[in-house]
Amino acid sequence: AQSVTQLDSHVSVSEGTPVLLRCNYSSSYSPSLFWYVQHPNKGLQLLLKYTSAATLVKGINGFEAEFKKSETSFHLTKPSAHMSDAAEYFCVWGNTGFQKLVFGTGTRLLVSP
Amino acid sequence: EAEVAQSPRYKITEKSQAVAFWCDPISGHATLYWYRQILGQGPELLVQFQDESVVDDSQLPKDRFSAERLKGVDSTLKIQPAELGDSAMYLCASSLRQGKAGELFFGEGSRLTVL
Chain A
1 AQSVTQLDSH
11 VSVSEGTPVL
21 LRCNYSSSYS
31 PSLFWYVQHP
41 NKGLQLLLKY
51 TSAATLVKGI
61 NGFEAEFKKS
71 ETSFHLTKPS
81 AHMSDAAEYF
91 CVWGNTGFQK
101 LVFGTGTRLL
111 VSP
Chain B
1 EAEVAQSPRY
11 KITEKSQAVA
21 FWCDPISGHA
31 TLYWYRQILG
41 QGPELLVQFQ
51 DESVVDDSQL
61 PKDRFSAERL
71 KGVDSTLKIQ
81 PAELGDSAMY
91 LCASSLRQGK
101 AGELFFGEGS
111 RLTVL
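Going down the list, the sequences are from chains A and B. Note that the working numbering has the first sequence beginning at 1, numbered continuously upward. Note that the working numbering has the second sequence beginning at 1, numbered continuously upward.
Keep in mind that a hint or two might mislead.
Have a look at the derived ranges for each label pair, beta carbon to beta carbon [unchecked claim]:
(1) B/96 <-> A/108: 27 to 33 angstroms
(2) A/68 <-> B/115: 17 to 23 angstroms
(3) A/108 <-> B/9: 19 to 25 angstroms
Simulated from the structure, these hints should not be mistaken for laboratory data. By construction, the Cβ of each residue, glycine as well, lies at the ideal position given by its N, Cα and C atoms.
Construct the complete structure from the given sequences, taking the supplied hints into account.
Here's what the structure looks like:
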């Protein structure tokens, strides 16, 4: 079965330092992969998506992710954290043919001043 | 900017009572989803509609849950009777058309607490 594993339930960084949120996927074929962000008491918002084009994907708010097939990873990064980045982040596997999405368990990003 | 509307935002009910949630997707979006998000977990798909037809309801507990999208626009998710384990956030999402995987637009959710 297809799935994604988010390796950290919580990540804490200081404002201005780099962010790394880790995600590994398992799939028998090349997946579509996404990162969504959820701020407290808000709906989820698409940050970026990988759909077999460029392996380095740029998203909104300075985030980017790199698809590495050899490592079955799709880690999310940002060079410099901002206080407003504090939120829950979900790595998501997608079936482009049927729009089926499988969500990871989420990583809560905490940003301290 | 167009948004997915959901109501109510919060609902507290006692077990064995009936509960209903409403969702109005972005205008023109043919595909509508209901997800359940238990605290500390990722969202799980309950039901997916393409226009007024159910595409996937394999994870919907059909003994107590029902969903409809009669005119292919807004949708209602009902739980009857509610159980303690149903306490969760119920998220509605929509997308322009099938095949555009991942480009889902989510509402702010309806948080259910069952006492």
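So, going through the hints one by one against the coordinates:
1. The supplied range of 27 to 33 angstroms is met by residue 96 of chain B and residue 108 of chain A, whose beta-carbon atoms lie about 30 angstroms from each other.
2. Separation of residue 68 of chain A from residue 115 of chain B is about 47 angstroms and departs from the stated range, judged on CB atoms against 17 to 23 angstroms.
3. Roughly 22 angstroms separates the CB atoms of residue 108 of chain A and residue 9 of chain B, a value that falls within the hinted 19 to 25 angstroms.
Comparing the model with each numbered hint stated earlier shows that hint 2 is the single one that does not hold.
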